[in-house]
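Using the sequences plus the hints, can you model the full thing?
Protein chains: 2
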Amino acid sequence: MTHTESRQGAKLSMSMPQTIAIETYLADRRGDIEMALADACDHRLGTLLDAIRYSLLAGGKRLRPILVLAAAEAVGGERHQAMPTAVAFEMLHTQSLIYDDLPCMDDDDLRRGKPTSHKVFGEATALLAGDAMITLAVAKILDEAPTVPAEDRLRAASELVRANVTMCQGQFEDLRLQGGPATPDDLISLHRQKTGSLIAGALRAGAWIGGGTAGQVEQLGQYGLELGLAFQIVDDILDHSATAAELGKTPGKDLAADKATYPKFFGLAGARGLADEAGARALAALADWDERAEPLRALVAYVLQRRN
Amino acid sequence: MTHTESRQGAKLSMSMPQTIAIETYLADRRGDIEMALADACDHRLGTLLDAIRYSLLAGGKRLRPILVLAAAEAVGGERHQAMPTAVAFEMLHTQSLIYDDLPCMDDDDLRRGKPTSHKVFGEATALLAGDAMITLAVAKILDEAPTVPAEDRLRAASELVRANVTMCQGQFEDLRLQGGPATPDDLISLHRQKTGSLIAGALRAGAWIGGGTAGQVEQLGQYGLELGLAFQIVDDILDHSATAAELGKTPGKDLAADKATYPKFFGLAGARGLADEAGARALAALADWDERAEPLRALVAYVLQRRN
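Just so you know, the protein sequences line up as chains A and B, in that order.
Each residue of the first sequence is one higher than the one before, counting from 597 in my numbering.
Each residue of the second sequence is one higher than the one before, counting from 597 in my numbering.
One or more hints might be untrue.
Pairs count within a copy or across copies, as identical chains cannot be separated in the list.
What the hints assert, rightly or not - Okay, derived cross-link-like pairs now, SDA-like style, lysine to any residue, Cα gap no bigger than 20 Å in a straight line:
id	residue 1	residue 2
1	K855	P745
2	K715	M701
3	K855	Q774
4	K715	C700
To be clear, the hints were calculated from the coordinates, so they are not data collected in a lab.
Quick look at the structure:
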């Protein structure tokens, strides 16, 4: 940990409880999730599997599956029962990245430091891999937790598919808004669709699988929307800082050239303030929760402090 | 009806029971299904909806949703309860057509006599419309038949997503096999994945929604695989005949130029014989079923006799 990071961590821990070692917790969960992802699709797929595994096992923060597991445990459920749902959300997230990178969308060559799926396997295979992944994700939830009541698996799967419809709508709006969102409200609405919906969906689905009540599901969904907002603002701040550092431009020039971001609309300090406020609202949504929600609380600080 | 058609119809009705007026039955079902499709997605989607409705309401035989409804009724279920599942299968079928037509796949400009989705809306919108449709289809089954037990909705949705994974794998194999399948077995296997799986899935899902037993679901699935095979062979025969008539080439030249089809491997008479055999096996799968399976029996004759 650098000096700067440790100072910020100390500052945040004054206002936000962080009684668990979040890095250890995350590393532990990621290990379980990586194993589950590696096992996730070793049947029925033949050679299309290569393309699916290439993207699914390319690393990443694994934030969404970690949230599924944490939500299931926060409502008193068992973590291993929530693992297929955790895998499903990471699978859908990865699918959305494959499609976002396609030539007709953002046309990106690199993702997580590796060539994008269509660069390696061709557009047709990337398209079919993503198509199959959407339904493999649903199948994980429906088929692979037989001890979870059918009604709860059904609700969890419903969260996944609703989140995907919202994400598609958000991506469509984003493409339609040439030059990016014109107002802060548009920006917030867009990010809520593109990022917030899947993060909130992961928490809601995990809560259903864990046997949570409708009220608990709502609170975790609210927490998720705020966490997603904080995550996105910090993303924009990090992008901005990295760009400024790399390009050696003045921040002002950089902001003018950038597409719509939180720093552009609110300045860096303003954006940081908004992220902190979203974090505070995320914590407030968990105000009545017991110590089983501690990892979720610690994740707020983690998201606000992250450096990549 | 032409003279030829009516003779063939008479011939087939000797070996296959056809006690219901199948054309009237199909027209009636199609009317219901068109209405349900028009209502299917009027929320949450905003402007992406235009692209979805454009493809979904472009007409077509509506074979898959008709099979969902017929299967539900064959096991004693109520038709209206199966309508969301019927819509779901047509939605997934339409999505697969949108993707098959994309430039990176078959690159087609026309579908059902209209410009393809990406020609009208652009590739990015066609991609996102299809993406959303996959999950809208799942959501239809999960969310919109509250009187059907959760366990049965879950099984029906599971049939849909499994069928989609198999279709993706089939399409992938098809693209990989440059020049088409090399053997009749490869051709049959490919068609089973690309066409048979969704038709069988529609029947199985309808049976679950209708409250069918696992044994009934298996028999209807078997019927569906054979019906799908007959459908595909007749498709190839019709394609071949149309091409020969239009181009004015000799059948031999035509067969040599064509990609792998049933007429190419077996000749026209041989292919016709295979279609009839598949039809007979479809009927055999329903041997022990009562009069509620009559529409499914009549559909076999309909598929074998169709002229477009």
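Here is how each hint holds up against the structure:
Proximity of K855 and P745 under a CA criterion of 20 Å is satisfied in neither setting, with 46 Å inside one chain copy and 49 Å between copies. In this assembly of identical chains, K715 and M701 lie within 20 Å of each other by CA distance both inside one copy and across copies; the values are 14 Å within and 16 Å between. When the C-alpha separation of K855 and Q774 is checked against a cutoff of 20 Å, the pair qualifies only within one copy, where the shortest distance is 10 Å, while the shortest distance between copies is 43 Å. For the identical chains of this complex, K715 and C700 are neighbours both inside a copy (13 Å) and across copies (13 Å), given an alpha-carbon limit of 20 Å.
This entry does not satisfy hint 1, going by the numbered hints stated previously; all others are met.
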